Structure formats: structure tokens, C-alpha cells
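Enquirer: Sequence:
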Amino acid sequence: MKDKENKKEFLFESQNYKILGVGLAVIALGFLLMSGGGSQDPQIFNESVFNFQRIRLAPTLVLVGFGITVYSILKKTK
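All residue numbers for the sequence shown refer to my numbering, where the first residue is 19 and numbers rise by one.
The set of hints was computed from the structure by calculation and includes no laboratory data. Owing to the predicted nature of the structure, the values given are computational and were not obtained by experimental measurement. Hints may contain errors.
In silico lysine to any residue, SDA-like type, Cα no more than 25 Å apart, as pairs [said to hold, decoys possible]: (1) Lys36 <-> Phe68; (2) Lys96 <-> Gly41; (3) Lys94 <-> Gln33; (4) Lys36 <-> Gly83; (5) Lys94 <-> Phe84; (6) Lys36 <-> Thr78; (7) Lys36 <-> Ile86; (8) Lys96 <-> Phe28; (9) Lys93 <-> Leu79; (10) Lys36 <-> Ser90; (11) Lys36 <-> Asp59; (12) Lys36 <-> Leu47.
Can you build the whole structure from these sequences, using the hints too?
Expert: Here it is in C-alpha cells:
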């Protein structure tokens, strides 16, 4: 009886934590891809601020990462 009372259970299964880690990594990658592109001189405008990577790819990766983390929370394991 004491064994059942002292045994601590995790909130999720290990597979859920792995999926959560992947989701967090995708979010971090999206934020890394969003960074940069600025100019050192405030008088000079750098067009790379508006390239495909920072405007389309990085925000999409962040949203996909959030979707993966929500999936990892809601996923039921057998």
C-alpha cells in the first residue's frame, strides 16, 4: 500500500514529452530565422528585412511549432 502512495507519476507519457521537445525546437528555429537583417547604419535601409525567410518561413515555423506543442499536450497515449 505504501508503494502506491509514494510512487510519483508524470503528467504525460515520454512520447508526449518528446513531441513537446520537437515543438519547442521548431519554435526556437523560427525565432532564430526571424532575427537579423538589420543595418548597422540607421541611415541605410537594408532590404533583407523583408525577404522570404523573415516574412513567410519563420512565422510559419513558429505557428507550426505551437501547433505541435498543442498536439503533444492533447495526445492520448495507450
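Enquirer: If a hint holds in the structure, say so; if it doesn't, say that too.
Expert: Right, here's what the structure says about each hint:
1. Lys36 <-> Phe68: violated, 34 Å
2. Lys96 <-> Gly41: Given that 25 Å is the threshold and the Cα spacing comes to 21 Å, the pair holds.
3. Lys94 <-> Gln33: holds, 10 Å
4. Lys36 <-> Gly83: The hint holds at about 13 Å.
5. Lys94 <-> Phe84: holds, 18 Å
6. Lys36 <-> Thr78: holds, 21 Å
7. Lys36 <-> Ile86: holds, 11 Å
8. Lys96 <-> Phe28: holds, 15 Å
9. Lys93 <-> Leu79: holds, 21 Å
10. Lys36 <-> Ser90: holds, 8 Å
11. Lys36 <-> Asp59: violated, 43 Å
12. Lys36 <-> Leu47: At roughly 17 Å apart (the allowed maximum being 25 Å), Leu47 and Lys36 satisfy the hint.
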